[in-house]
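Enquirer: Can you build the whole structure from these sequences, using the hints too?
Here are the chains, one letter per residue:
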Amino acid sequence: MTAPALSLVNVDKRFPGVHALTGVSIHINQGEVIGLIGENGAGKSTLMKILSGVYQPDSGEILIAGKPCTFESAADANRQGIGMVFQEQSLLTNMTVGENIYLGNEAQFTRYGLVNWTALYAAAARQLAKVQVDVDPRARADTLSFAARQMVELAKALTLEEHAGGHLVILLDEPTSVLEKAEIEILFARVRSLKTRASFIFVSHRLDEVLELSDRIYVMKDGAVVADLDAADADTTKLHQLMVGRSLQAEYYRVPLQRPFRDEVVLEAEGLGLGTAYSNVDFKLHTGEILGIAGVIGSGREELTRTLAGFAPHDGGKLRLRGQEVRLANPAEAVDLGIGYVPRERRVEGLVLFLSVSANITLADLASLTRNGLINASEERRLAKSWVERLKIKTPGISTLCLNLSGGNQQKVVLAKWLQAKAKILILDHPTRGLDVGAKEEVYDLVRAITTEGLAVILTSDTLEETIGLSHTLLVMRDGRITHRADGSPGHKPRQVDLIGHMV
Amino acid sequence: MRDFIDRLGSDGMRQWLPLATLIILVAIVGVMQPVFLKLPTLLQLASDTAVLFILATGVTFVIMLGGIDLSLQSMASLSSVIVALTVARFGYGSFVLAVAAGALAGFLSGIAHVKLKIPSFIATLATSGVLFSTALVISQQRSITLGDADRSYQTWITGNVAGIPNVIIIGLIVLAVAHTLQAHTRFGRYSAAIGAGEPAAYASGVKVDRQKIFAYVLSAGFAALAGVILAGRLSSGSPTLAAEMLLPSIAAVVVGGTAITGGVGSIWRTLVGALIISVVRIGMTFLGVNIFAQNIVFGVVLVLAVAITIDRTKIPVVK
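Order-wise, the sequence lines are chains A and B.
Just so it is clear: in the first sequence, position 227 is 227 by the numbering used here, and no numbers are missing.
In the numbering used here, each residue's number is its place in the second sequence (first place is 1) plus 504.
Don't read these hints as lab results, they were simulated from the structure.
Check each hint, because a few of them may be wrong.
Claimed, not checked - Derived contacts from chain A toward chain B, CB cut-off under 8 Å, selection only: (1) V133; (2) P331; (3) D336; (4) G350; (5) L353; (6) L363; (7) T370; (8) G373; (9) L374; (10) E379; (11) K417; (12) I500; (13) G501; (14) M503.
Unchecked claim - SDA-like, lysine to any residue: derived pairs with alpha carbons at most 20 Å apart: (15) B:K711 - A:R327; (16) B:K711 - A:I375; (17) B:K619 - A:A329; (18) B:K711 - A:G338; (19) A:K284 - A:R478; (20) B:K619 - A:L337; (21) B:K711 - A:E162; (22) B:K711 - A:L229; (23) A:K195 - A:E162; (24) B:K711 - A:G373; (25) B:K711 - A:A332; (26) B:K711 - A:N29; (27) B:K621 - A:N330; (28) B:K621 - A:F311; (29) A:K422 - B:R690; (30) B:K711 - A:E333; (31) B:K619 - A:N29; (32) B:K711 - A:T370; (33) B:K711 - A:K195; (34) B:K619 - A:K284; (35) B:K711 - A:V326; (36) A:K195 - A:N29; (37) B:K711 - A:D136.
Claimed, not checked - Quick list of the computed label-pair ranges, beta carbon to beta carbon: (38) A:A122 - B:A747: 51 to 61 Å; (39) A:G113 - B:V804: 28 to 38 Å; (40) A:L257 - B:A630: 25 to 35 Å.
Bear in mind that the values here come from a model prediction, so they are computed numbers and not experimental data.
All C-beta atoms in this analysis are idealised placements derived from N, C-alpha and C, irrespective of residue type, glycine included.
Expert: Structure, rendered in structure tokens:
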């Protein structure tokens, strides 16, 4: 038997505060399509980044055709025959298809510093023929449909054949997320016909597609591979169970601590809409309530949360805050009205990483610390210290830069900021993204505590399980509309399958 | 070379590097020319530093939030022209007029930058051109010497209190006001937050545009004040009075340790930076370096200072 085209043996990778990959071993045989699935945070993207040379593993081995090797950089991985087709499309839209295909590899067409464009475009046309796509190599990339661009990326990955010599392994990272059904079929057909030239690793959150395309499937959870099974032996239910890995444990989401919300309505949407993103959204958010919004990418829930945080003002319907009609033109207005936003991009929008813990905690509430135009420094220190104690933020001191904190403690600083600002409504946008299990549980504890104290929460999560576990009330969105509402009180929580039907 | 620069740039060192540099430079020049360490020379040094320090202080506010103001030397020159033209008629009011013109110019630069979303170096470069031409036109392209009567209004700049030149006292007042603004007010804190992480500051409810515009108002306002003082010290106003001061001013800010990328810095650092520039200037004079060649040195100093202070982990791509 020949050695696998590519294998990883006992690969470990740690980041500050997170053990991203634990002893991961996988192998890809020649001409095989491997499916790689797992929840957000399971370690898929770290694994892909190691395979594509962006990260280096802390320990473990990478073998190509049985020979140990290392990838110093993405370019190095390319040279050794690892190609990539990314979900966020990487074509430069201001350049032509041909220029994109040979970007960085123009040397072969260059003499005396001048590029022979005729030769380059002829070569590009040959690459495009491999994936059977009818695209003019001289067309600018931005004139192409998403599906055609995806094919061009595939063609670009196949140019590696010319230098790598050996067998190619092409990573397909969520390649279908921007494609229509028919386009997906075409992509899959091309991938199958290319199996003689290359092996593929297919990452997707759409389990049915993974089942359809893959020969074999790896399931990841909490940074480890938990299952390796033939696609023929799997179905979506089984895969889903493996991904989640446990039956819903009420304690994990602190369900026993879930208190009924009060009658008082703090935020009300009536026929709310924004462009083509979402429309006709109705809901009432009560004091002490966690309102979870479920939906896939493109369902409109992202835009809805951004509207409620003041980033994307609505253009249809009404939004009432404690009975007053409002339109949140920018985050400053939302903050003034008592709305705090805990963003998914914690390190970009959540915290000023290069400011101290105390400056971050007081950032949204400096007005109340200011006397005669001057910030009361001793009061600021006192408040920061008390939040660090109350939320058990692990930091060397309040003047430590937030940069040096772990993800969980950074998230606590973000929460402290809004509690200090006395926010009445918190928009939690994927609040546990990138946190390990222990840190997640601390966040759940905090969220339970603050809602019991009377804050209201709008929640979107990486996992449906988390949304269901935490929420008092659930909204399901699809194509910009609310398709389902469910009660999430303890004992009545819906099952994931009940909601999925309304999501897709 | 890169290794060496990186080592100098490590956090612990970086903070004290400017002050250490200043002390070493003073010691070197003092050894070369013992007269340098005598009180009259030091007072002269401080007086000469005041204008540079005021210019640099203004632009510190802009650099703190990640922008740049290239209009400050044109603003200072225009301000000197305004004083020279109007002091006979308005008396002390001419100084207020000049500083108000500065505030207005800064406001317009800020609006262009923030509302029209133009990079600050373009917005202030354009403002600089407008201000320079305005100065040329209203002065009819000449240097205006102040008459004896006009000079009586300048004693607050040119006089002494107990042997200490007033211009030093003005510099200290600017230091106190600017330091308070930068270190103890919401504006100062928001500037640091915007410079270090604008999206997070915006998401936390900071009115980013307002803070930015105010920083440009301060920058041009301080530049105008510097022009007023320059006019007083030189008893004249001219559209090129502050020419060649842009580079030393920005160099002073960066040499002092304020990050050109924003977020990290202080007025104290700018004071140290301005003193370093002044001592280097005097040292060059002692060494007999042609006065017109001095910007060659400041240009090199600026590049080295940025190379040392910049935090490369923060900015993967430099444009």
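Enquirer: Hint by hint, note whether the structure agrees.
Expert: Here is what the structure says about each hint:
1. About 32 Å separates the beta-carbon of V133 of chain A from the nearest beta-carbon of chain B, more than 8 Å, and the hint is not met.
2. With a least beta-carbon distance of about 5 Å to chain B, the hint placing P331 of chain A at the interface is held under the 8 Å criterion.
3. The interface hint given for D336 of chain A holds, since its Cβ lies 7 Å from the closest Cβ of chain B, which is under the 8 Å cut-off.
4. The interface hint given for G350 of chain A holds, since its Cβ lies 6 Å from the closest Cβ of chain B, which is under the 8 Å cut-off.
5. For L353 of chain A, the suggested interface contact is upheld, since its CB lies about 6 Å from the closest CB of chain B, less than 8 Å.
6. Below 8 Å, beta-carbon pairs count as interface contacts, and L363 of chain A has one with chain B at about 5 Å; its hint therefore holds.
7. Checking T370 of chain A against chain B by beta carbon gives a least distance of about 6 Å; that is within 8 Å, so the hint holds.
8. Annotation: interface hint on G373 of chain A holds; nearest CB of chain B at approximately 6 Å, less than 8 Å.
9. Given the 8 Å rule on beta carbons, the hint for L374 of chain A holds: about 5 Å separates it from the nearest Cβ of chain B.
10. About 13 Å separates the beta-carbon of E379 of chain A from the nearest beta-carbon of chain B, more than 8 Å, and the hint is not met.
11. The closest approach between the C-beta of K417 of chain A and any C-beta of chain B is roughly 7 Å, which is under the 8 Å cut-off, so the hint is satisfied.
12. A least Cβ separation of about 31 Å between I500 of chain A and chain B goes past the 8 Å threshold, and the interface hint is therefore violated.
13. The beta carbon of G501 of chain A comes no nearer than 34 Å to any beta carbon in chain B, farther than 8 Å, and the hint placing it at the interface is violated.
14. The restraint placing M503 of chain A at the interface with chain B is violated, with a minimum CB-CB distance near 27 Å, outside the 8 Å limit.
15. About 17 Å separates the Cα atoms of K711 of chain B and R327 of chain A, which keeps this hinted pair within 20 Å; it holds.
16. With a CA separation close to 17 Å, the supplied pair K711 of chain B and I375 of chain A stays within the 20 Å bound.
17. Our distance criterion of 20 Å between C-alpha atoms is met by K619 of chain B and A329 of chain A, whose separation comes to about 15 Å.
18. For the proposed pair K711 of chain B and G338 of chain A, the alpha carbon gap of about 15 Å is at most 20 Å, so the pair holds.
19. A C-alpha spacing of about 19 Å is found between K284 of chain A and R478 of chain A, which places the hinted pair at or below 20 Å, so the restraint holds.
20. Restraint check for K619 of chain B and L337 of chain A: the C-alpha separation of about 24 Å exceeds 20 Å, so the hint is violated.
21. Between the alpha carbons of K711 of chain B and E162 of chain A the distance comes to roughly 54 Å, so the proposed pair goes past 20 Å and is violated.
22. For the hint pairing K711 of chain B with L229 of chain A, the CA-to-CA distance comes to about 54 Å; that exceeds 20 Å, so the pair is violated.
23. Restraint check: the Cα-Cα separation between K195 of chain A and E162 of chain A comes to about 17 Å, which is no more than 20 Å; the hinted pair holds.
24. For the hint linking K711 of chain B to G373 of chain A, the alpha-carbon distance of about 17 Å falls within 20 Å, and the restraint holds.
25. Between the alpha carbons of K711 of chain B and A332 of chain A the distance comes to roughly 6 Å, so the proposed pair stays at or under 20 Å and holds.
26. A hinted pair counts as satisfied when its Cα atoms are at most 20 Å apart, and K711 of chain B with N29 of chain A does not qualify at roughly 56 Å.
27. This hinted pair checks out: K621 of chain B and N330 of chain A have alpha carbons roughly 17 Å apart, not beyond 20 Å.
28. Between K621 of chain B and F311 of chain A, the direct Cα distance comes to roughly 18 Å. Compliance with the 20 Å bound is thereby established for this hinted pair.
29. Distance check on the hinted pair: K422 of chain A and R690 of chain B sit about 18 Å apart at the alpha-carbon level, within 20 Å; holds.
30. With a CA separation close to 9 Å, the supplied pair K711 of chain B and E333 of chain A stays within the 20 Å bound.
31. Proximity of K619 of chain B to N29 of chain A is assessed by CA-CA distance (about 56 Å); at most 20 Å being required, the pair is judged violated.
32. Between K711 of chain B and T370 of chain A, the direct Cα distance comes to roughly 16 Å. Compliance with the 20 Å bound is thereby established for this hinted pair.
33. Only pairs whose Cα atoms come within 20 Å are accepted, and K711 of chain B paired with K195 of chain A is rejected, the gap being roughly 55 Å.
34. Taking the CA atoms of K619 of chain B and K284 of chain A, the gap is near 36 Å; set against the 20 Å cutoff, the hint is violated.
35. At roughly 18 Å between alpha-carbon atoms, K711 of chain B and V326 of chain A fall within 20 Å of each other, so this suggested pair holds.
36. Restraint check for K195 of chain A and N29 of chain A: satisfied, since their Cα atoms lie roughly 11 Å apart, inside the 20 Å limit.
37. The suggested pairing of K711 of chain B with D136 of chain A is violated, with an alpha-carbon distance near 48 Å, which exceeds 20 Å.
38. About 57 Å separates the C-beta atoms of A122 of chain A and A747 of chain B, a value consistent with the hinted range of 51 to 61 Å.
39. Between G113 of chain A and V804 of chain B the Cβ separation comes to about 32 Å, which falls inside the hinted range of 28 to 38 Å.
40. For L257 of chain A and A630 of chain B, the hinted distance range of 25 to 35 Å is not satisfied, since their beta carbons lie about 59 Å from each other.
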